[in-house]
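Protein sequences appear in the order of chains A and B.
Following our numbering, the residues of the first sequence are numbered contiguously, the last one being 776.
Following our numbering, the residues of the second sequence are numbered contiguously, the last one being 477.
These are calculated hints, taken from the structure and not from any lab test.
Note that the structure is a prediction, hence the values are computed from the model and not measured.
The reader is advised that the hints may include incorrect statements.
Distance condition first, Cα-Cα at most 27 Å in a straight line; then the derived DSS-like pairs of lysine-lysine [as the list claims (entries may be wrong)]:
no., chain 1, residue 1, chain 2, residue 2
1, B, K351, B, K341
2, A, K734, B, K351
3, A, K732, A, K721
4, B, K441, B, K417
5, A, K732, B, K351
6, A, K734, B, K341
7, B, K351, A, K721
8, A, K732, B, K441
9, A, K734, B, K417
10, B, K351, B, K441
11, B, K417, A, K766
12, A, K721, A, K734
13, B, K417, B, K351
14, A, K766, B, K341
15, B, K341, A, K732
16, A, K721, B, K341
Cβ pair distances, simulated, as ranges [unchecked claim]:
no., chain 1, residue 1, chain 2, residue 2, range
17, A, P710, B, R386, 40 to 48 Å
18, B, E368, A, Q718, 19 to 27 Å
19, B, G348, A, K732, 13 to 21 Å
20, A, R756, B, P396, 42 to 50 Å
21, B, K341, A, E693, 41 to 49 Å
For each residue, glycine too, the CB sits at the ideal point set by N, CA and C.
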Amino acid sequence: MTNGNVQLAVLADPTRRAVLELVAERPRSVAEITRALPVTQSAVSQHLKVLREAQLVRAKPKGASNIYHIDPEGLAALRAELDRFWSKTLAAYKAVVEQPQEEP
Amino acid sequence: MSTQATGTSVTHSVVVEAPIERAFKVFTEQFGGFKPREHNLLAVPIAETVFEPRVGGHIYDRGTDGSECRWARVLAYEPPNRLLLSWDISAQWRIEPDPAKTSEWEVRFIAESAQRTRVEIEHRKLERHGQGWEGVRDGVGSERGWPLYLQRYADLIARQG
Chain A
673 MTNGNVQLAV LADPTRRAVL ELVAERPRSV AEITRALPVT QSAVSQHLKV
723 LREAQLVRAK PKGASNIYHI DPEGLAALRA ELDRFWSKTL AAYKAVVEQP
773 QEEP
Chain B
317 MSTQATGTSV THSVVVEAPI ERAFKVFTEQ FGGFKPREHN LLAVPIAETV
367 FEPRVGGHIY DRGTDGSECR WARVLAYEPP NRLLLSWDIS AQWRIEPDPA
417 KTSEWEVRFI AESAQRTRVE IEHRKLERHG QGWEGVRDGV GSERGWPLYL
467 QRYADLIARQ G
């Protein structure tokens, strides 16, 4: 499966989507997510594991527990596209701006 | 020329042999002359690209058939030092009508000497376009329509920005 298909399949589960929505609102711990949902903490942990494997969320250790964030690597493709755009634009700009100027 | 990519931004810079006033003037007045040709969301070739030099203005492409594509809003216009613009193009390379889902790019002009200027571009707040969309798009390919939950996911991520 491609990465996109994995993400699609991962989000088919309504509880998992709810977990992701909570993390998307702001970074949260497993305990905070559990308090907001009618499921057990171990179920939440399991969903977070799947979301992590699909590169949708990322864990940062804080004290004894993890804080879950949205994973910025999800933006890698867009970044690569913009990198190409700006590299080309600036190279072409340099050529234009350094052209000898005609005297008025 | 240098490049730097971090989580939600992309930074590029170039040093040009030109005074800062000229560097700024060429950037804004001749933008269409150096923007990559393939950067075109119109159905027809671009006849001209217009950079409106004022806050509240736009950058827009005008096609050979008269159609227009406004893909950036001018948020700050401070000659000869700084520009701030929006990037109203989604990760699917379509016009994004919701400003909350658009990123921004800042252009800074820094005089290194009387005849030399550093131009820095920081394209940031990329997370507003929605996390993981690109990968998700590749996954669903040409299937008609998006499943509702993916749309909700994208909306949520965008609200986060």
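Hint check:
1. B:K351 / B:K341: holds, 15 Å
2. A:K734 / B:K351: violated, 45 Å
3. A:K732 / A:K721: holds, 13 Å
4. B:K441 / B:K417: holds, 9 Å
5. A:K732 / B:K351: Status violated; Cα separation ~39 Å.
6. A:K734 / B:K341: Distance ~49 Å between A:K734 and B:K341 Cα, so the pair is violated.
7. B:K351 / A:K721: violated, 43 Å
8. A:K732 / B:K441: holds, 21 Å
9. A:K734 / B:K417: The given pair, whose Cα atoms are some 30 Å apart, is violated under the 27 Å limit.
10. B:K351 / B:K441: Judged against 27 Å, a Cα distance of about 21 Å means the pair holds.
11. B:K417 / A:K766: violated, 31 Å
12. A:K721 / A:K734: Distance ~17 Å between A:K721 and A:K734 Cα, so the pair holds.
13. B:K417 / B:K351: Holds. B:K417 to B:K351 sits at ~23 Å (cutoff 27 Å).
14. A:K766 / B:K341: holds, 13 Å
15. B:K341 / A:K732: Not satisfied, since the Cα-Cα distance of roughly 45 Å exceeds 27 Å.
16. A:K721 / B:K341: It is violated: about 52 Å lies between the C-alpha atoms, which goes past 27 Å.
17. A:P710 / B:R386: 40 to 48 Å: holds, 46 Å
18. B:E368 / A:Q718: 19 to 27 Å: Given about 53 Å between the Cβ atoms, the range is violated.
19. B:G348 / A:K732: 13 to 21 Å: Violated - the Cβ-Cβ distance for B:G348 and A:K732, about 43 Å, lies outside 13 to 21 Å.
20. A:R756 / B:P396: 42 to 50 Å: violated, 27 Å
21. B:K341 / A:E693: 41 to 49 Å: holds, 47 Å
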